[in-house]
Each structure stands twice: as C-alpha cells, then as structure tokens.
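Visitor: So the protein lines, in turn, are chains D and W. Start counting the first sequence at -16; every next residue gets the next number (the numbering used here). Start counting the second sequence at 207; every next residue gets the next number (the numbering used here).
Simulated from the structure, these hints should not be mistaken for laboratory data. The reader is advised that the hints may include incorrect statements.
Some, not all, of what chain W presents toward chain D, calculated at C-beta under 10 Å [stated by the list, open to error]: (1) 253; (2) 266; (3) 289; (4) 291.
We treat Cβ as the ideally placed atom computed from N, Cα and C, and that holds for glycine.
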Amino acid sequence: MTRHPEELVAHLSQQAMELRRMVVDMIFCAQSGHPGGSLSAADIVTALVFHKLRIDPADPHWPERDRFILSKGHAAPLLYAALAVRGFFPQEELKTLRQLDSRLQGHPDRLKTPGVEMTAGALGHGLAIGVGLALTARLDCLPYRTYVLLGDGEIQAGVIWEGALFAAKYGLENLTAIVDYNGVQLDGFVRDIMPLEPVVDKWRSFGWHVMEIHGHNMRQILEALDAADDIHGKPAVVIAHTTKGKGVSFMEDDCAWHGRAPTAEQCDLAMCELGAEDHD
Amino acid sequence: MRIAYGKALAAYGAENPDVVVLDADVSKSTQTHYFAARFPERFFNLGVAEAGMLDTAVGFALGGKIPFVNTFAFLLSLRCAEQVRTCVAYARTNVKLIGAYAGLSDAFDGPTHHAIVDVAVLRSMPNVTVLVAADAVEAAKLVPVVAEYDGPVYLRVSRAEMPTVFDGNHQPQIGKGTLLRAGEDVTLIACGVMVARTLEAAERLSKKGINARVLAMASLKPLDREMILASAAESGAIVTAEEHSEIGGLGSAVAELLAGEQPVPVVRVGIPDTFTETGPYEALLDRYGMSVEAIVSAALRAVQLRL
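Hey, can you work out the whole structure from these sequences and the hints?
Guide: Structure, rendered in structure tokens:
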C-alpha cells in the first residue's frame, strides 16, 4: 500500500474542518438541519469527495465516475458543502439551504443538486441501491466503484441487511460501505435505543470484509478506502468510530444536536472551536 | 395472462440489452423464469426481500439499466410503498414495477394475497404511470410500452386466465383508452378482467334497449381525458368497472376528472370497502360486487340518475 504523504493528510484534515464550519454556518442560516451527523462524517466525506472518488465537476454524469451514495441523507449540509467546494455548484448557494426555490433541499435530491447521485432522507435505502449500481458496473464492465455512507442508527433498519445479503451473494468487490459509527441517534445513545454490537461480527457473518478504524483519523480513513480496493470476491465495510457533533464541544455526544440549529451565540462559539479565524 | 407477460418479457429482453429483471422468490409465479432461462446474467433473484429488491432496482436504474421488478402486487404496492415513493416516484428513477397476481386472481390464497388497494396507493404518487392489462394480448403488448417509456411505471397483471378481448392489432398506449363498442345511452369504462365482463354487460343492456358505449382504459394514470370527457358529454352517464377497491382506483380517477370538468352521474363497480375471502376466482368476483349483473344494475342506475 502506498503511504499517503503528510501534506495530503494534513490538507484533507484542514478541508474537513473547513466543511464543518460551513455546515454550522449553513444550519445557523437556515435555522434548521442536522449538525451532529454532518460533523461526525466530515472526515469521511472529505476523504471521499476530495481524494478518493474519481468524479468530475465539469461532467457530473460521466459514466465511469465513482458513485457516492449518502444514505444517511440528513448529513445533506455536509454533502452540499463538499460538492460546492469541489466545484459542482457555486458556494454562495449554500446559504439557500432549506429555503423556498433552493436547489438545496432539506435532504438530498438527485434531480435538483449537481453532484448528488441519489435522493435520500428516508433511512435504509442506500446499501441496496449501491448493490444495483455495483451490479450495473459489473454488467457493463465499467471500472467505477460504489461507495455508500451509512449512519449507525440507520443500520437498525432491516432493509440494510437485505442489501448486505445481496452484496455478499454477488460477491460485490466493487462496493464499499462505510458506517459512521458515532453512537448517537435522534432519541439517544445507539446502545440504549437498539444496540448494534457486536457490529463487526454481524457484518463479517453476512459475508463482508470488515475494517474498523478511527473515523476522525484521516490517514486511517484513506488507508481503509485503499485497502477496500484490494479485497476480492466480497464487499468491504469500514466501521468508522466517530463522535457525533465532532469538533463542537457542546454538540459532541449529545442527541439533542441530532437535528437542531444553533443560536447566534452558539454559532459563534462553535465557529471559534472549529478554528474560524474571523467569524461574524 | 401471466405466461404471456413472462414470454413477452423474455422476447423483449433479446431486443433490448438494457433490460434487467428482478424477482423476490416468485419467478415461477410471475413467470420471469422465461427471462431467467434466456438471460441468466441479467436476472436477479433476491429472495424474500421485496424492499431491498426495490432499492436494488433503483441502483440499476441509476446506472442506466431498465429494471423490471416483479413480485405480488400487494407486496409491491404496500411492503415497498416507501421505497417506491422516495426512490422511484420522488427520485424519478426509471424503474418498472410489475404487480403480479393482482386483484383477487390469487383467489384461493385468500385476502392476504389479494391486491385490492394497489392502484389506489400507486396512483396517488406523483410521477408514477399506472397501467392495468385487460388480457394476455394487452399484457404482452405492454411490455415494450413500459420499457420504452422513460420513467416509473406500475403495470398490474393477473394470475387468472382472462377472456381474450383484443386481437393482435391492438396497440395499447400510455394515456389512451380503446373504444370497444359504440353507444350513446351510457358509457361503461373498464380495466383488467372487468373489460370482458363489461362487454357482456353491454350485450345484456342492449336487450333492455340501452345502447352502451364501452371503453377499455388500460392507462389509469394518465387517463385518456379527451375520450372520457367526450363520452361523458355524449352519453351523460358513466359506469366504471374494476377489480379493485371502490376507493382510489379507476372509478375514483374517472370521478375526479369528471367532477371538475364535466359533471355527470358516475356509478362505480368494484370491491366495496371490505376485505375479501378465499374461494374460486369467478365466484369471488361475483360475491364482491363485480358480477356482470352488477355492471348492468350500475348502468341502469347511472341512466336513471341522469334523468
């Protein structure tokens, strides 16, 4: 495996922090949205959108592009910020999140937003959709890879495990799932609402290659995504241990911040903690 | 009818390499085994996992394939309703939903297997085209129509051996009805197995001196507006006949159109607001409000209401 240069890792980590600031700002402007799960997934989404995915903002429908399905659609602000910075649409548009006539719906809409592969919001769909995409790539002999980002609460849905069975049946080595395992869902801690452990054993017993990483360690994320490329005959899943609300002390590990907008004062504080130099 | 569908799908598969077929462990019932035998690499049996099958079809559609999703109509319309709403209808993915064993046609398996609200559910979703095949000829002819239309389609097919209504020249189209019998006194609009029963009812009505027009309406959404509005204006009385709950199906669609555009009496023949039971198919149709006599009575009532 190639070792990723320090500069790349540092650059991507900084990019993730920038996306976190944008997310908080967008949700503050909209006074509506889901900060917790966007902040937890920021490093993973950065690694994908700014490094791993072969995508082209000038040609969003390029047939050979890698596919990224954000199955946990409530992290839409994070996806929008990443796509805007990556050049799929103007960054000024981010301020229109959740407003009437905006291309940035409350949850991703593939028909409205350039770069959004699939509509999401109702949880549970992404993995089986990824199976269909991965099977299409195989039928058409196309080299693209399909990535599906799942929430941890989301994998309580039975249909996720239907998709897990399908992917194993067809040995989809061109499919990578990532679980944003932040341990907190809307109503409380995952371990209290509906425990997932032993989650690694579950995926393994379903026929998947499982990797477990620290989901805020950029180097580990990059290495796991690369390692998935080298798995043959089965799909790969990365269990990424993360912190809900990562980077904003008062949002961390608190289910109250699953879907709540900050006040002006909280927004300032959050920006400060996220390293904003001059926030007004 | 189901065999005609299965064979037509396999034949069309040879013409169009983009077609993929998904089934949920009922390929011997839906007759997708014909396709599976010819194109095993494009056939995916995903087991008893209908919701996951639907999402997988969405993935195929995103990749540019034309997925035909097959299972029993009640599962497709109810178990998969949220998949269809979010990922097919709202996301406008090119998924073809084929509801097998629709209506009461899986008669002896009973109310769990009868599909009496499928049209109501799917017709209410924006972006979804809803088609109901009347016989084997129409079911087969609809396969390329469904495949070549760009967008979500629900096609309802039956388990029953249905009387043949159409000859080989019939060419069903989305948004178009078919005039089967001319008449000015009342217009009978039917879909599915009720088309044959409605033609029989029209014969009986003629003996009573009532000249009924008969329209076959395979396309429930979009409806053939022009044809229905013209018939309402010309005959002044409408009867609808369908193998579905009276709530939400063809009768509702026609009544919704006419209430706003051309108000005339509309009498609906269908399953009253009740669950059904196990029994022989034809007897069930008669028991649950869909006898030829029920259509005749409805026509007489519609004519009476017009006066």
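Visitor: Output the indices of the hints that this structure fails to meet, ascending.
Guide: Hint check: nothing fails, all pass.
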